[in-house]
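*Asks:* Produce the entire structure from the sequences given, and follow the hints as far as they go.
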Amino acid sequence: MKLTEDDLYRRSSQYKHWCFTPSKLALLRQKTNIQASERVKANVARQRAQRAKNLDTTSASDSERANTPGVENGADGASGNGGAVGDKEVDCLTVAEEMRLVDKFCETALELGNFIKVPAEVTATTIQYLRRFYLYNSPMTYEGQNIARATMFIACKTEGWHIPSSDYAAKFANVTQEQVLAPEHLIIQALRFNLEVRHPFRGLKGAHVELGEMVKGTYVPLEWDKRTGTQIQSEILKLPKRAGGAPMNLSESDFRKRLEYDYGVASNILKTSAQLTDTYFHYTPSQIMLAAHLLADEPLTLFLLATKVPPPSPIYSKTVDTIRACAAKLSSHRSYTDSSTSLEDKEARDKKEKAEVLAIIKKLRQCRDPDKMDLVKLNEAHKRDAVHDGELDERKAKRRRLDRENAQKEADEFWGPELPKNGAK
Amino acid sequence: MSKVARAPGASKRLAEDGGASPLSNSLHHLSLQQSPSKASKATPAFADSSSDICPVCKSSRYLNPNMKFLVNPECYHKMCESCVDRIFSHGPAPCPIAGCKRTLRKAKFRSQTFEDLKVEREVDIRRRVAKLFDKQESDFETLIDYNNYLEQVEEINWNLILGIDVEKTEQRLRKWEEARKADLNPNAIRRVTEPDTSQLSDTSHVILKKGATQRKVLMSSSASNLNPLGGGDDAERDTGFVFRGLKKRKAPEPEKPFDPFDGWSIEPQYYSFQGDYNHNWFTAMKNDPQHYAGGYDMREYYSRALCDAFGGMGIFIEDEMTARDTQGFDDAGLGTQSVATVAAGGRDVDMADIF
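As you go down the protein sequences, you meet chains L and D in turn. For the first sequence, position 390 matches number 390 in the UniProt record's numbering, and the numbering has no gaps at all. For the second sequence, position 239 matches number 239 in the UniProt record's numbering, and the numbering has no gaps at all.
For the record, the hints were derived by calculation from the structure and aren't laboratory data. One thing to keep in mind: the hints can contain errors.
Taking beta-carbon pairs under 10 Å as the criterion, some of the chain L residues facing chain D (in silico) [as the list claims (entries may be wrong)]:
#, residue
1, F20
2, K24
3, R198
4, G206
5, H208
6, T218
7, S286
8, Q287
9, M289
10, I315
All figures in this text were calculated on a predicted structure; none of them were measured in a lab. Heads up, the beta-carbon is just placed ideally off N, CA and C, and yes, glycines get one too.
*Replies:* Printed below as a string of structure tokens:
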């Protein structure tokens, strides 16, 4: 019974639960959007009806009004007769708008990672969590800022970069520990408890080291490859700089510099464009890594590929196609084209995008799900001894307290009471 | 002799007790006649089954209310605890009862379980035999074979109890025990017998000079004794007893070395692992005692990085996901149905209240 690297990847939760074809992904987002819109509409309608009822007896409380979307500028409905409150239909976000928002959240997360100085893996995991989270949840339901903060805290833990929640919350202004911790359970649920994200970063290092061996001439070819290490070395040193360029003959140390440069470019692409697009859903980390390397140095990447898969086989051409498609996706993102566009173009584009996103955010304010506004309160309501509707169920609370005391007493009887500390009697 | 030995004891008891019941007396006679061969052994104990006088030191319970009588399964002669202490404290000594020459050890003395020492002895014998002959019905091919076996075992029991052919039976029992041990633990017995076989063949060489064929048989048997499993010569080995229809005991299979991966192994198809890679990234780490002292192996990192680099290179998500969908094989929400509904926009899952 043998397992190849591919089989190993097939056993990961990323492959099992988080790989989609583009059409399936679009369908999923559509479904999420429709469900979220329906819920928002239903909840808003319910709340308006409630307020209309309250208006008949007393005036609506301020807090309720603050929690209701569409009140800020739609106050005319509230002040008028109660029957006219629910007349204005909520204008929900479209799928494309949601996508823009999620991308915006991801970019913010990237900045957030730089701001609190977490390793690149943590930021990348955060972004992937966010993308996965918003696959099944809409920004209309859960607001991005809180979720991004909490997600990054989870990512810190899963990537082994531990930080106490109080320290973490202290890094932001006006953020309490509860706000960071409140959405945790929700996020973990939405991630279906699949906390592993396979990144291409370590793979890039592996490929880089392997290329270094080839340049040195100590590379051991695969069984089907009849070339020797030195043959591969002489071939790799002759590789042209650009695709279709004239063959060059670099020295070993010069080629090493080229490798370092390629590594830097590829790693930068992996940290930005790979995160800000849907590549993780459509390609395996290895393919993403090779695509990034392809953008950095095409002849070298194809040479590497040809040492891994025999070029005449159909698998080779298919792999190259896949990697090229992935590279096209990576290079389509503006973080990749930034370097080639002029400064004015860039500024104009950024300005336009900012305006668009602001418009969407403004629209989002009108269609937030009123039930999911206060995540801290929601989280507390889930907990034991929760305060339901402003009062604790007294009998229940008393029973629990007695239970707890009894359990403590039993434990004391069995194990003996706690020892006094430091001579205290 | 036994009668002589008993008679004074009996008369004495009669005098002391003020006369025993005639019934017990006659019973006693009866038991004597039943087993004349070992009457001498049983006599003292039986002579005063209800007696309170130690046959060795003649002290009575009247003087020492805490007196305890002990017997040794070697000869079943009863004596008091202080006598045992006195006579056998310094090692094995002959039985102090007149006419009994057996050597007894203190460790073997015990208080008797049954009033009747004959019963005590029979139970001991049966226990010993049952330990050796512990076959079950499932060990035999047919029920009749099993019944025959039981019959044979019972015969051995009675032979020992009644003292018929004791020497021969004991010898066969010893052989049977050895064969049984060899069966259960072939390695242990081989260690013991290996030097023995050479000795045996030396002596037998002298004895069996007459026939070359006989010698050959012996040589072959000793050679087969040396074979590692030791089970090849079951047919020719003398086990003392032969039971018809006894299934051959199958030795349990030797345990295989533990394999944590249950037979699975990782065989990379896109790279050949070279063991060591020289890159300036690793030089610092390789020479850092903090890394290698803790047992960190750089090879783990190399293989993981390479596996990451090419793991999934040949997986085409589009094709495989389409195939998965058409097969209807989607385990995405299998174990987490409720979570899936939450993800799809339903109510949040409530954690169970443990108190």
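*Asks:* Need the list of violated hint numbers for this structure, in ascending order.
*Replies:* Every hint satisfied by this model.
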